[in-house]
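Novice: The residues making up each chain are set out below.
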Amino acid sequence: MKFYKSILRIWFAFASLLGFLAGWAFLAQSPKPQPYSDLEKAQVVADLPPVPTIDQLLISQNPGTGNGAVLLRPVNMGRRFRTGGS
Amino acid sequence: MEYYEFRAMNSSIVLAAEGGMTADGFAATQDYIETAEQRFSRFRPDSELSQLNQSAGIRFAASLEMQELLKTALECHVATDGLFNPFILKDLQRIGYTRSMDEIRKVGALDAEAIAGTQVERFGLIQIDESGKVFLPQEYKIDLGGIAKGWIAERAARILSEFSPVCGVNAGGDMFLIGQPQGQAGWEIGLEDPRNPSKDLFPLWVNEGAVATSSIAKRTWLQGDKARHHLIDPRTGDPAQTPWLSVTFFAPQAAVAETFAKAVLIGGLEYAQDLVAKDPEINFLAVSPDGGIWSSLNKKEIMRVE
Numbered sequence: 001m002k003f004y005k006s007i008l009r010i011w012f013a014f015a016s017l018l019g020f021l022a023g024w025a026f027l028a029q030s031p032k033p034q035p036y037s038d039l040e041k042a043q044v045v046a047d048l049p050p051v052p053t054i055d056q057l058l059i060s061q062n063p064g065t066g067n068g069a070v071l072l073r074p075v076n077m078g079r080r081f082r083t084g085g086s
Numbered sequence: 001m002e003y004y005e006f007r008a009m010n011s012s013i014v015l016a017a018e019g020g021m022t023a024d025g026f027a028a029t030q031d032y033i034e035t036a037e038q039r040f041s042r043f044r045p046d047s048e049l050s051q052l053n054q055s056a057g058i059r060f061a062a063s064l065e066m067q068e069l070l071k072t073a074l075e076c077h078v079a080t081d082g083l084f085n086p087f088i089l090k091d092l093q094r095i096g097y098t099r100s101m102d103e104i105r106k107v108g109a110l111d112a113e114a115i116a117g118t119q120v121e122r123f124g125l126i127q128i129d130e131s132g133k134v135f136l137p138q139e140y141k142i143d144l145g146g147i148a149k150g151w152i153a154e155r156a157a158r159i160l161s162e163f164s165p166v167c168g169v170n171a172g173g174d175m176f177l178i179g180q181p182q183g184q185a186g187w188e189i190g191l192e193d194p195r196n197p198s199k200d201l202f203p204l205w206v207n208e209g210a211v212a213t214s215s216i217a218k219r220t221w222l223q224g225d226k227a228r229h230h231l232i233d234p235r236t237g238d239p240a241q242t243p244w245l246s247v248t249f250f251a252p253q254a255a256v257a258e259t260f261a262k263a264v265l266i267g268g269l270e271y272a273q274d275l276v277a278k279d280p281e282i283n284f285l286a287v288s289p290d291g292g293i294w295s296s297l298n299k300k301e302i303m304r305v306e
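Protein chains in written order, with our numbering: chain A, 1 to 86; chain B, 1 to 306.
The following block holds chain A by itself, in its conformation from the complex:
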């Protein structure tokens, strides 16, 4: 019984080593990632709006109605009050 256990351990060690070496050889043959250098072909991406500040994202609970979160934020307009019908 001890003899078979020793054979099994040697077999596991050998198979692990063989698997590791095979993986190493496979990855060594595969193409390497190249740094992207052709800027002219790069797509132009639209400017993103600035990230809002913590204050702008402050979410306040509405104690008056208890009906969930309401975004408390400055109205994003030069003039805060506008009239134009609805």
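Derived by calculation from the structure, the hints in this document are not laboratory data.
No incorrect hints appear here.
Here are the simulated lysine to any residue pairs, SDA-like style, with alpha carbons at most 25 Å apart:
1) B/Lys141 with B/Gln67
2) B/Lys141 with B/Ile104
3) B/Lys90 with B/Gln223
4) B/Lys106 with B/Glu34
5) B/Lys218 with A/Arg80
6) B/Lys199 with A/Arg80
Residues from chain A that keep clear of chain B, each with C-beta distances beyond 10 Å, as calculated:
7) Lys5
8) Trp11
9) Leu17
10) Phe20
11) Ala22
12) Gln29
13) Ser30
Backbone N, C-alpha and C define an ideal beta-carbon position, used for all residues, glycine too.
Using the hints provided, position chain B relative to the given structure of chain A.
Specialist: Quick look at chain B alone, frame taken from chain A:
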């Protein structure tokens, strides 16, 4: 000045307050507006207004707020020579305005056959007795949309003023302003361009009181192949044929500003001239489809301002 924005009455509501306990004031004001909306919305089947409309032909025990708003509506109906008339609801429904504008914008109006309208009965047929019971004649229904919005904005502003002495409530363009912002000549209000609502035409500087704008450019839809808008001319029962896209009216009371903005937009130049001849202190601005501004702000006559 601190601002707080939320959505109610199918509109963006903006509260502004300076000094005092603004956060508590905003909460109390929002609470009032949402409660009032539940009372006066025709799109909520359980609202008091819906129950009143379902009670046509029998006497309906109305709340004090409902009685007060109906009396104000009756006064404004008389003052505008009938051009403001809450009995237009059946006509609004006939031309496809059967659900809230938020829903129409999402899923469209019901496709009903376009039928020509007829003159709307005068609102004076409504009866409010001393015990607070309201009698609507059989088959009559009321829409309080615009006047309720202004009326609620004024009451909400008065609630907010208990927390902050300088404050304003803007309910989708109908607003009521109290006090004067610190370091400014008045309240700066952007006058929206009805041809391009994302832009302002110019700023208006106004003092305490009410500002309301009525427009035919926003609540629009197709009924079959017919373009419709929500401003019914009670003289015909159909969407008003008007030379202007929007009218902005200034008045000490929000209900007056709201109903006269409608009346001037429906009545056009001739009606506006009569109005100014009767009361030279009346202030309004109208915007025509070519961007021209018509104004009574010179307090003498209506001028087109380039």
